[in-house]
Each structure stands twice: as C-alpha cells, then as structure tokens.
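S.K.: Here the protein sequences come in this chain order: A and B. FYI, in my numbering the residues of the first sequence are 86 to 473. FYI, in my numbering the residues of the second sequence are 119 to 325.
It should be emphasised that the hints constitute simulated quantities derived from the structure, not laboratory data. Possibly wrong hints are sitting among the right ones.
[Unchecked claim] Distance ranges between label pairs, derived from CB positions: (1) A/Trp-413 <-> B/Ala-154: 52 to 58 Å; (2) B/Lys-213 <-> A/Ala-292: 43 to 49 Å; (3) B/Arg-299 <-> A/Arg-469: 51 to 57 Å; (4) B/Arg-245 <-> A/Asn-336: 56 to 62 Å; (5) B/Asp-274 <-> A/Ala-281: 38 to 44 Å; (6) A/Glu-395 <-> B/Ala-120: 52 to 58 Å; (7) B/Glu-257 <-> A/Gln-278: 56 to 62 Å; (8) B/Arg-245 <-> A/Gly-399: 56 to 62 Å; (9) B/Asp-260 <-> A/Lys-164: 47 to 53 Å.
Cβ coordinates follow ideal geometry from the N, Cα and C atoms, glycine included.
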Amino acid sequence: MSDPIFLRPLTAPDADKGQAVAFGPDRALTLDSGRVLAPWTQAYMTYGKLNAARSNAILVCHALTGDQFVASAHPVTGKPGWWETMVGPGKPIDTDRFFVICANVIGGCMGSSGPAEINPATGSPYGLDFPLLTVRDMVRAQAMLLDELGIEKLLCVTGGSMGGMQTLQWASSYPERVVSAVPIACAARHSAQNIAFHEVGRQAIMADPDWCGGAYAEKGVQPSKGLAVARMAAHITYLSEAALQRKFGRNLQSRSGISFAFAPDFQVESYLHHQGTSFVDRFDANSYLYITRAMDYFDLAADHGGVLAEAFRGAKTRFCLISFTSDWLFPTAENKRVAHALNAAAATVSFVEIETDRGHDAFLLDEPQMFATMRGFLGAVASREGVA
Amino acid sequence: MALRPDLAAIAEMIPPGARVLDVGCGDGALLEHLAATKQVDGRGLELSQQNVNACVARGLSVVQGDADADLGEYPSQVFDVAILSQTIQATRNPKAVLGDLLRIGRHVVVSLPNFGHWKVRFALLARGRMPRTTTLCYEWYDTPNIHLCTIADFVDLARKSGAEIAQAMALTPDGSTRPMRPQAWIPNFLAEGAIFLLRPSAQSQKM
Numbered sequence: 086m087s088d089p090i091f092l093r094p095l096t097a098p099d100a101d102k103g104q105a106v107a108f109g110p111d112r113a114l115t116l117d118s119g120r121v122l123a124p125w126t127q128a129y130m131t132y133g134k135l136n137a138a139r140s141n142a143i144l145v146c147h148a149l150t151g152d153q154f155v156a157s158a159h160p161v162t163g164k165p166g167w168w169e170t171m172v173g174p175g176k177p178i179d180t181d182r183f184f185v186i187c188a189n190v191i192g193g194c195m196g197s198s199g200p201a202e203i204n205p206a207t208g209s210p211y212g213l214d215f216p217l218l219t220v221r222d223m224v225r226a227q228a229m230l231l232d233e234l235g236i237e238k239l240l241c242v243t244g245g246s247m248g249g250m251q252t253l254q255w256a257s258s259y260p261e262r263v264v265s266a267v268p269i270a271c272a273a274r275h276s277a278q279n280i281a282f283h284e285v286g287r288q289a290i291m292a293d294p295d296w297c298g299g300a301y302a303e304k305g306v307q308p309s310k311g312l313a314v315a316r317m318a319a320h321i322t323y324l325s326e327a328a329l330q331r332k333f334g335r336n337l338q339s340r341s342g343i344s345f346a347f348a349p350d351f352q353v354e355s356y357l358h359h360q361g362t363s364f365v366d367r368f369d370a371n372s373y374l375y376i377t378r379a380m381d382y383f384d385l386a387a388d389h390g391g392v393l394a395e396a397f398r399g400a401k402t403r404f405c406l407i408s409f410t411s412d413w414l415f416p417t418a419e420n421k422r423v424a425h426a427l428n429a430a431a432a433t434v435s436f437v438e439i440e441t442d443r444g445h446d447a448f449l450l451d452e453p454q455m456f457a458t459m460r461g462f463l464g465a466v467a468s469r470e471g472v473a
Numbered sequence: 119m120a121l122r123p124d125l126a127a128i129a130e131m132i133p134p135g136a137r138v139l140d141v142g143c144g145d146g147a148l149l150e151h152l153a154a155t156k157q158v159d160g161r162g163l164e165l166s167q168q169n170v171n172a173c174v175a176r177g178l179s180v181v182q183g184d185a186d187a188d189l190g191e192y193p194s195q196v197f198d199v200a201i202l203s204q205t206i207q208a209t210r211n212p213k214a215v216l217g218d219l220l221r222i223g224r225h226v227v228v229s230l231p232n233f234g235h236w237k238v239r240f241a242l243l244a245r246g247r248m249p250r251t252t253t254l255c256y257e258w259y260d261t262p263n264i265h266l267c268t269i270a271d272f273v274d275l276a277r278k279s280g281a282e283i284a285q286a287m288a289l290t291p292d293g294s295t296r297p298m299r300p301q302a303w304i305p306n307f308l309a310e311g312a313i314f315l316l317r318p319s320a321q322s323q324k325m
C-alpha cells in the first residue's frame, strides 16, 4: 500500500491523510464503458477495529462532493468529517463496535484515480482522457478494495444521495456480500430534473475559459468561476424552499437598503457565493463533470430489463430505506419505488420517511429520527449476526 | 409484555413459518410475537413514524405508508397471510383495501370493532348521542374511525368482495375470544369486536 497523492498542498497537516491501494496492471479495473483502467488507485479511510471474525465491517459511501473523510478532519480544509454526527465512537454507526470503511470514489479528487491524477501513459494529468464512469464502476472498485483488505462480507452498506445509489448498486451487484443496506435520500434512477440540474452545472464549468477543454491543470489555471456557479446551482437543489425562507427570507446582507447594483444585496446571495467559493478550494472541476455524469447514467432498472425488482431478485440483504419529506431532489416517491420493488422481489425491507423542512441536505444534518432509525436497525442486524 | 388478547387470537390463526404482511402493525408487537413463537417471516406497513422506528429497532421489516395509498403497489399472492387488525374502520376506502388484501395474501385476517354492539346501539337509542365505548373511545369530531361497521355489515362486504369466511371469532368485553357464527344475530349484539379469517372464494379465484 502506498501513500495517497494529493494534488493540492495540504492546509491541515495534522489530519489523517488516509490510505490507498495501488492496483497494478495485473489487477485492472474494467469499466462499464468497455475501457480498462490500469494501473489505478483506490484511496480510503477506516475507523474502528475489524473483529476477529471479520463480521463487523460497515462501508459508508459518499455523495457527489463527499470524500473518504467521513468521521475525521478533512486534510485540505481542516473541517470535521462530513458525517461525524452519524459515524464515530458512541454514534449510531459506532466505531467502538464497528469497523467503518469509506472509499473515495474513482473519478474523485481525494487520492483515488480520477481526471486530476497523472495518466501513467502520458505523465500529465488525465483531464478528459480519463474514461467515463458509472456508479457500478465505483462499486466494482470498492469491491476490489475490500478483497484487498480481506473483507468478504459487509455488515452494512450505507450512504446518502449518490452514496445511497452506490448502496443500492452494492446490494444488486454483490448481494451475497451485503448483510444489510441503508440507502438514504436516493433513487434507483436519476430523474430528468436531476439530469437537467447536473447539465447546468457542467455547462457552467465548461463555459469558463479557464476550463481549457479540461486541460486546465497543464495550463496552471482552474475554472474556479464555473465550478463555483455549478456548486451554487446544485446547492439550491439540496435545500428546500421553506428552509431557504426560514434561514434567509429577504434579509439584506450588511446594508440597510437595496443598493441598486449587482453586488450581493441579499443574505441568500452571500450564502450561495460562500458555498461556491469555498467549494473550489477542495474540489476538482473535471471530477465534478465525471461524477455528475455517473449519477446521470444511474438507472438500476434499465440494467435489469426495465424491471427494478429484478435488480434485487433473491436478495438476502436486509434493507432500511430513509427519505425526507422536503427532499425534492430525491423525493419520497422515488425512495418508495425502491421499497416497492424490494417488496416485489420478496426482499426484507423497512422504509422510514422523516419529517423535516431541510430538504435533501437533511441526511447530513442533525436529524434525531434518522439517527434513531440507523441505531435501531444496525443494533438489530448486529445482534442477529452475532456481532458484539 | 403479554400480547393484547385480540392479537393473541390472531396469532393463533397464523400457521408456523408463514409469510405475513401486517397492515397497520403499530409498534410491531404482533409481528415480533409471530417471529419469536412461529418463525414467521413478517413484514409490516404502518402510518406513524414513531411506530415504524420502534419496529425497525426491534429488527422488524416495516414500511412507513398508508393502507389506502400503498397496498396497490404490492405484488399479488406473495404473502400467506395479510393481517388488518383494528384498522379497516380507519381507511378511506375499506372495500378497496380489503380487495387489495385478498389479492396480496392467500389468507386475510381482519379484526374490527363491532358497531352493532348493544352498548353502541343503546347510546344512540337511549341517549341520542354518538357512542363512546372502551374500544371506540373518541369524540365524533376527532375520531380516526371514519368507516365503522357492524359484524353483519362486514360479513356482507366480505361476500361482495369474493371472500369466504374460514373462521370467525367474537371479542368479548372481558378480553377473551370465542368462535362465533358470523351470520347469527347474537354475536352482532354481544361482541365488542370480531376477528375474521378470510380466503378468496373458489368462485372468485376462477375469475
């Protein structure tokens, strides 16, 4: 195992940089596009201890702009892990009890192979020479990582949003390896509206002159403006109308009246600007293109003759689905569709809809009902499986 | 904790190892009992989020949802028994719900409060007021029970829905259950509630 390579200088030197497995040409990753990635790297973090029976491993899958630092400081920003409310000692995913693995998806920009990493064939960053990816490719890569770690079975796979998509894909691709699955705020397919929003983001990046056809790294520039706009547009979809209204209303930003100019007058504008500019410090624009595309391509039913239930045929996995009332990006109806398909496949499924006005982002926030559901479900699964 | 007597009577009707769907499963007491004592493969459907969480923490498989809206999504004939306990009177469309249950399950268990009970009749006849009893304890304006019926009414609906009654039990005021003849007038007068084991009739199966 080699150290992961981060392209940007680390601003949080004390943070755990995690680990990575470098897969040689003998262990190539064959992608859904037909292209083959070799050599390639899978970066990851682990928390807690694997027990002797190797039966307490839980895989957490991250969302579009997430990374492997689920429960520890981010090495670039120094900020707390993105799901520290859920994962950690004594938390619902209790690292005193479970061994938690979180892998940076391939195509990402935190050490796993992606468009920002060096193409061994050319010696310069891949840029758009990096192959297009699917969620299934991400999951295939994670399965190879688990092989490498000697983990045959996962007590649970979980994640929200794209992490939920990976969770569903895990249960479909490797049912015998997944004892239980908790997909949160997700869907078995990306809807037309979801694809549309992603296309806005991609076009914003590609319209930035500093994008340079994807080869910005060689030119020493970053399409920061385009990436920030992409993030701003996406961020609106993560919230709800009610939450935005409650948080900002029409409040003005450090001024007593409107300015009759285009500098931010309203607090909500400043907030979005902050979301955009802070994002570009930690995320690669090409990665954003690749990962949004992978989400767009996700359609679990299409891979099974259009019948979603077929994706889970014979599944022994125990499922617990969670959705949020105000999530309009992955609405309850889409989550329920998965629950019904699982029922049709005679799988074991629970489904909880949590009442909140915080929109899609709720899965990352302090939602006691979500924590209670996760804690109760995992506790029941662990005792059924004899995990202390 | 001891199982509520009506739930215990329902549990008696379930064969060991059956695949069971409990619609309106509450906090999962019946499903947990069936899993522990009869190795039943149980699923639940429940409206209240708190109850669903309680079920999930018990290791039960329960989907948050609503009998009126969600039963249509369930595939046909996948459950050995579908249970609807003390819930049919709170559904918007009891006939559609019963029809869905008869499609989903090879057997259907329905338990319900009996609006033909003498105390109910007496409250209306003597006092001219909407009845409030131990099983029907709501005021008329805040009751979830929007489709109350008598035992005779339900027997009629079962027949119209193409179901035959395999077994019928009367729930008595002291909490015990005893077999009853569903068509007889006495249970409809004396029973506080009833439990029916239904199956699609041979005739309706041919249809």
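S.K.: What are the numbers of the hints the structure violates, in ascending order?
M.R.: 1, 2, 3, 5, 6 and 7
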